[in-house]
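Chains as they are written, first to last, in this note's numbering: chain V, 211 to 896; chain E, 211 to 896.
Take these hints with a grain of salt, some might be off.
Put simply, identical chains are the same to the list, so a pair is met inside one copy or across any two.
As the list claims (entries may be wrong) - Computed cross-link-like contacts, SDA-like style, restricted to lysine to any residue with a CA-CA straight-line distance of at most 20 Å:
id, residue 1, residue 2
1, Lys522, Asp484
2, Lys522, Thr481
3, Lys779, Ser662
4, Lys359, Pro626
5, Lys573, Glu724
6, Lys338, Pro618
7, Lys653, Ser501
8, Lys672, Gly789
9, Lys305, Glu734
10, Lys653, Gly588
11, Lys666, Ala636
12, Lys522, Leu482
13, Lys435, Lys779
14, Lys278, Arg576
15, Lys540, Leu482
16, Lys672, Gly503
17, Lys810, Gln538
Hints are computed from structural coordinates only; laboratory data are not their basis.
Protein chains: 2
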Amino acid sequence: MKCLIALLLCVVCSLPAWSEEGMWTLDNPPIKAMQRDIGWAPGAPWLEKTMRSAARIAGGCSASFVSKNGLVLTNHHCVATCVEQLSSKGQDFLKAGFLAQQVSDEKQCPAMEINRLEKITDVTKEVKAATAKLTGTAFTLAQNAAKAKITSACVGNEGAKVRCDVVDLYRGGQYKLYRYHRFQDVRLAFAPENAMASFGGDPDNFNFPRFDLDMALIRVYEDGKPAQTGDFFPFNTTGPVADEPVFVAGHPGRTERELTVAQLEFVRDYTLIDRLLNTAEYRGVLTQYRSAGGEAERIAARTLFNTENSYKVQRGQLLALSDAGHLQRKRAEEEALRKFVASRPELAKTTLGAWDAIARAVKVHREMYQEMVQIENGRAFESRYFTMARTLVRGAAERAKANADRLPEFNDNKLPEVEARLFSGAPIYPEFETLKTTYGLTKMRERLGADSPLVKKVLGEKSPQQLADSLVAGTKLTDREVRRALWNGGAAAIAKSDDAFIRLAVAIDTDARELRARYEREVEAVIQKNSELIAQARFAQTGDSAYPDATFTLRLSYGRIKGWEKSGKVVAPFTDFAGAFERATGNDPYALPASWLSSKDRLNLKTHFNQSSTHDIIGGNSGSPMINRQGEVVGLVFDGNIHSLSGAYWYDKVLNRAVSVNSAGMLEALDKIYGAKSLVAELRGL
Amino acid sequence: MKCLIALLLCVVCSLPAWSEEGMWTLDNPPIKAMQRDIGWAPGAPWLEKTMRSAARIAGGCSASFVSKNGLVLTNHHCVATCVEQLSSKGQDFLKAGFLAQQVSDEKQCPAMEINRLEKITDVTKEVKAATAKLTGTAFTLAQNAAKAKITSACVGNEGAKVRCDVVDLYRGGQYKLYRYHRFQDVRLAFAPENAMASFGGDPDNFNFPRFDLDMALIRVYEDGKPAQTGDFFPFNTTGPVADEPVFVAGHPGRTERELTVAQLEFVRDYTLIDRLLNTAEYRGVLTQYRSAGGEAERIAARTLFNTENSYKVQRGQLLALSDAGHLQRKRAEEEALRKFVASRPELAKTTLGAWDAIARAVKVHREMYQEMVQIENGRAFESRYFTMARTLVRGAAERAKANADRLPEFNDNKLPEVEARLFSGAPIYPEFETLKTTYGLTKMRERLGADSPLVKKVLGEKSPQQLADSLVAGTKLTDREVRRALWNGGAAAIAKSDDAFIRLAVAIDTDARELRARYEREVEAVIQKNSELIAQARFAQTGDSAYPDATFTLRLSYGRIKGWEKSGKVVAPFTDFAGAFERATGNDPYALPASWLSSKDRLNLKTHFNQSSTHDIIGGNSGSPMINRQGEVVGLVFDGNIHSLSGAYWYDKVLNRAVSVNSAGMLEALDKIYGAKSLVAELRGL
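Can you make the complete structure from the sequences, with help from the hints?
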């Protein structure tokens with residue numbers, strides 16, 4: 211009996227998910243755990259409707275359909291780039307906000323793509339068959355080709371409206387084909403003032419209590435008309451109550467919970483610090499640039515916001531990984547899995563060496579990390595011009611090849627998004643691009659050293675500032691017709707071009723591709739192949755009662771509306787409108803906009819504004835709908851608390867909280883502050 | 211026999227110093243190790259003369275007397291603040307360099323103090339007797355009082371010319387009284403162009419091969435005349451040869467080699483990253499500020515240089531601490547010492563708990579670290595105005611007390627330096643102070659959080675920028691007569707002052723002092739007391755064949771002129787003038803100044819320029835003389851290689867190298883490029 215209890219305890223211990231933990235795929239919801247933890251679990255129709263009502267912004271956010279006429283709810287910070295791009299010197303929608311009183315006033319975003327998931331198919335067998343017994347370059351090429359073939363067949367001739375991606379789940383434990391409806395005509399309907407969307411600014415980011423109207427409404431169009439999108443989440447007008455079981459259906463971007471200890475230590479000791487230092491210094495440059503005010507302030511606003519956000523995320527992650535206790539738990543889990551593998555002779559033969567193989571690949575990665583980051587990943591060439599030049603140069607070479615032989619980012623299923631970004635009419639500010647280029651080149655020299663052959667090849671005898679000046683002076687890529695001509699002209703046009711950024715992208719392309727090839731061969735393929743083996747072993751140990759690491763695909767998190775307690779301090783789950791007025795100082799970032807100040811008397815100040823909940827989310831979940839058991843929107847996820855930043859590596863049920871805008875709060879503001887009569891009616895289904 | 215060998219091996223293992231390792235006090239040179247490692251060791255007269263010929267710049271550098279008329283050799287970067295302060299909009303000596311053709315042309319540095327060590331006395335007994343059986347606040351106060359009493363007696367009535375400090379060696383294992391001759395009238399004789407002093411700029415900093423004329427000549431005066439200083443190091447005109455045994459007599463600032471593993475982990479996981487991130491972001495702000503060119507470039511130059519230097523040092527230190535192997539060795543050493551202690555019942559009774567007590571103090575430190583750093587250490591108030599205001603406010607309160615009861619930085623022996631800094635005529639640029647203040651306040655809010663009562667007390671409803679603007683607009687501390695009046699007026703003048711920075715310093719003084727008191731009581735005193743116990747245990751284990759951690763006091767390092775080899779790449783120990791011309795691109799930071807370009811034909815291009823050697827040095831050693839067995843200057847230490855940055859925690863004989871300017875190279879440049887005829891004659895003893 212004692213023995214049995216010990217065994218049972220052990221099974222419980224090795225269950226990877228804590229209560230309320232997990233970002234679950236919709237084809238494998240944790241029904242039993244949900245019943246156990248919140249006393250309710252969805253059936254197939256609920257899941258189906260949720261899948262078709264949720265949405266993804268291809269650039270990196272979540273969203274949801276909130277009317278049958280293609281109205282989409284997401285965060286302000288998810289559309290802020292569009293808002294900035296629609297702005298001009300005379301008309302700053304970031305500052306002033308934007309409201310289309312009628313559908314015909316809605317403004318098209320220069321480059322935004324919305325995806326709605328329609329179908330998930332298991333393609334594990336096909337992908338694994340293609341790579342069986344292969345290693346290194348052959349493994350990578352075969353896998354790319356297999357995926358290209360599968361997605362091509364899935365898209366067929368409907369590339370403009372259908373998007374198909376093969377998704378690696380469980381780090382290669384499973385491959386699934388995700389088929390999406392693709393919307394590329396997206397228009398802005400409502401955005402509040404930035405001061406209200408991110409009230410409290412960087413100081414309050416990832417904090418709670420919070421008072422942010424971080425919402426926006428956009429609409430998808432087809433054939434020039436609002437798309438008739440069918441399924442959607444209706445708005446709940448009162449919002450959730452404390453402890454209510456609710457759900458988040460969003461697209462978490464990336465977690466690292468399946469990494470081996472060797473990988474986590476590499477992140478902790480090297481890559482995260484390297485990125486963080488870069489972010490910190492860049493933030494300083496941007497802050498000072500922006501302090502000049504006026505146009506500089508407007509131009510750099512979004513870049514600074516994103517940089518500050520990254521800084522806080524990376525800092526939180528580093529603090530999490532520096533927590534010896536959590537890493538020790540990871541180490542114990544890994545040790546237990548290795549022992550499990552060792553105890554099964556068949557499994558041991560294939561898999562026992564997997565951890566050491568990954569550790570060796572990590573060493574290679576460490577050795578080549580800086581060159582890879584600077585030259586192939588392009589950190590050295592931080593500027594929109596270079597990004598476009600790289601796309602044009604590589605696009606010309608890759609599109610000349612058969613789909614299955616291309617770099618995956620130029621597969622047919624990716625081209626509509628690539629082209630939308632490349633031909634976007636978003637304004638480009640040469641002075642700002644010079645600043646970014648100078649920064650990137652300076653840091654490249656610092657990280658690789660002045661004597662690096664790659665640095666000498668890029669800089670020659672020029673200083674970073676001189677090179678940046680001459681690059682920007684020597685480019686015509688600001689003009690999108692020039693970009694279009696180069697794209698359409700292919701390799702011949704590239705060869706003839708004397709554009710300075712095109713020539714730079716050409717000049718370092720061989721080196722960059724060689725770095726990438728080595729990385730794919732000696733790092734990525736090794737890690738991928740051995741992670742698959744570890745994932746299989748984990749399946750053998752626990753079954754798929756585990757959830758896969760986040761992959762920017764649709765996931766369901768379940769939990770409750772709940773605050774938390776730390777060091778004796780209790781944080782309540784709701785804030786209200788009154789709190790926003792109390793927190794306001796009149797000075798940035800605690801200045802309420804005029805619209806709020808003048809509406810105060812009309813508001814029900816007790817309306818819930820923001821709320822905290824136990825959902826397991828991460829970056830990419832921004833804009834996720836929070837829904838109740840009836841499938842109604844009760845909130846809009848826009849952030850996590852500071853403790854949620856450890857969520858990249860593990861879920862901490864005690865402290866990790868998601869932060870969302872309350873549905874009643876959104877309606878109150880839309881109605882009484884912004885007077886968005888027709889949008890309110892549409893949200894209320896009137 | 212086997213047993214005896216094992217014992218001997220063990221003794222060798224626990225010898226803390228590697229061959230050529232160590233920063234040795236001049237009263238305890240490692241005679242045997244020197245004989246063993248370099249086949250020569252100094253006698254008492256050599257050591258005595260070296261002590262009296264070496265010098266310290268109180269602000270944080272090393273130097274040496276190089277003529278009987280008070281001429282002092284140090285690095286350009288050690289006097290660059292003076293050079294900047296002597297510059298003005300029309301006359302930029304940092305850029306153009308400075309040469310006094312005659313003694314009467316020498317220019318007084320606004321605030322520089324030179325110290326020459328005259329005597330070392332052991333005061334361990336007195337200090338320990340004063341603190342016996344005390345803990346916490348009582349321990350700190352008693353120790354401060356004992357030190358104040360000892361230094362007062364040492365200085366007597368000669369405060370203007372004598373400086374006495376009680377130095378904690380071996381982290382409290384020994385206390386020694388260092389008596390210095392103090393020189394406060396210091397004048398600039400020669401400084402090359404900054405472009406030549408730090409040729410290669412930040413990219414080449416801490417790298418080798420190197421081509422920097424990082425030298426300057428200053429002179430100490432007494433009664434308005436060049437001081438007759440007696441002992442000095444004559445210049446060797448040919449420089450050292452490869453492998454020659456040579457010596458560095460300098461003032462290493464601070465090492466952390468005696469820290470416990472708990473302390474090192476705290477540095478690795480928290481404090482170093484925190485400082486580094488602050489340095490990185492500040493660097494970004496300064497870089498962008500400076501990029502405006504003109505006056506901004508000149509004003510921010512030194513601050514940016516120092517910030518970039520700190521960045522590289524801190525990054526190197528963090529990489530060193532992230533090296534699991536080295537930390538493992540530390541852990542093993544600590545374990546061995548703990549076992550040694552456990553094996554001696556008497557020692558165990560007093561000392562076995564010391565490591566855990568320190569670990570607990572580290573936890574308290576972690577908890578209060580940010581508030582301490584921001585408010586008491588003043589990182590939140592990054593500006594010269596606040597530094598002066600804090601000195602005035604605390605100085606008024608402290609000087610009213612008996613010497614033994616004061617905060618140590620206001621003891622009588624410190625006041626001459628405090629006053630020299632406070633009344634310095636160095637220019638202050640309000641716009642630049644606003645920038646720094648804004649930065650400091652912004653980061654204070656970020657690190658402590660917008661809801662911290664301390665942050666609310668400082669900022670009120672203002673934004674950091676607003677507060678900085680109003681502080682700088684509301685201060686008259688730019689005027690040194692105002693500072694003098696406040697200093698002389700004491701507490702009454704402070705109470706009456708409506709100066710904005712004075713009021714800020716007053717407003718947070720109680721909080722700041724409370725933080726300091728808690729830190730001293732719960733962190734510093736605990737660590738000090740238990741480090742003493744550990745130091746005693748180490749003495750019992752190894753005797754004082756170990757050297758103490760660096761304390762910015764005179765130390766001797768011995769070693770050889772030597773390059774190194776890494777990953778199959780051999781680095782030779784010398785560079786020459788030809789190499790500088792080869793490395794030059796004409797663009798900053800690789801632009802040779804006009805003086806060099808026009809002198810090229812006159813130069814012996816084979817003259818050795820910079821050199822690498824095995825000496826164990828660290829920050830503070832900048833400006834140290836490198837001397838040969840005859841006591842002649844053969845080099846001027848100005849840097850270490852990149853591997854030397856791990857020297858904060860351990861010495862790596864294989865890779866750690868000091869970098870110095872060759873004596874023949876200095877003479878060649880002074881003579882043929884700068885035409886410094888009379889200085890060359892003085893250095894040659896003609």
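Here is what the structure says about each hint:
Within a single copy, Lys522 and Asp484 get their C-alpha atoms as close as 14 Å, and across copies as close as 13 Å, so both meet the 20 Å cut-off. Proximity of Lys522 and Thr481 under a CA criterion of 20 Å is satisfied in both settings, with 16 Å inside one chain copy and 17 Å between copies. In the homo-oligomer, the alpha carbons of Lys779 and Ser662 lie at most 20 Å apart only across protomers (14 Å), although the nearest pairing inside one protomer, at 53 Å, exceeds that limit. Taking the closest pair of Cα atoms, Lys359 and Pro626 come within 20 Å of each other only inside a single copy of the chain (17 Å); across copies the shortest separation is 80 Å, beyond that limit.
In this homomeric assembly, Lys573 and Glu724 come within 20 Å of each other (Cα to Cα) only inside a single copy, at 18 Å, whereas the closest approach across copies is 48 Å. For the identical chains of this complex, Lys338 and Pro618 are intra-copy neighbours only, at 17 Å inside a copy versus 71 Å across copies, given an alpha-carbon limit of 20 Å. Taking the closest pair of Cα atoms, Lys653 and Ser501 come within 20 Å of each other only across two copies (15 Å); inside a single copy the shortest separation is 22 Å, beyond that limit. For a Cα distance limit of 20 Å, the shortest separation of Lys672 from Gly789 across copies, 19 Å, qualifies, whereas the shortest one inside one copy, 55 Å, does not.
Taking the closest pair of Cα atoms, Lys305 and Glu734 never come within 20 Å of each other, the shortest separation being 43 Å inside a single copy and 49 Å across copies. Taking the shortest Cα distances, Lys653 and Gly588 sit within 20 Å of each other inside one copy (12 Å), while across copies they are farther apart (29 Å). For the identical chains of this complex, Lys666 and Ala636 are neighbours neither inside a copy (33 Å) nor across copies (40 Å), given an alpha-carbon limit of 20 Å. Within a single copy, Lys522 and Leu482 get their C-alpha atoms as close as 12 Å, and across copies as close as 17 Å, so both meet the 20 Å cut-off.
When the C-alpha separation of Lys435 and Lys779 is checked against a cutoff of 20 Å, the pair qualifies neither within a copy, at 52 Å, nor between copies, at 66 Å. In this assembly of identical chains, Lys278 and Arg576 lie within 20 Å of each other by CA distance neither inside one copy nor across copies; the values are 50 Å within and 54 Å between. Taking the shortest alpha-carbon separations for Lys540 and Leu482, only the intra-copy value of 18 Å comes in at or below 20 Å, while the best inter-copy value is 25 Å. Taking identical chains as interchangeable, the C-alpha atoms of Lys672 and Gly503 lie at most 20 Å apart only when they sit on different chains, with a minimum of 18 Å there against 30 Å within one chain.
Taking the shortest Cα distances, Lys810 and Gln538 never come within 20 Å of each other, neither inside one copy (51 Å) nor across copies (62 Å).
Going through the hint list in order, the structure does not satisfy hints 9, 11, 13, 14, 17.
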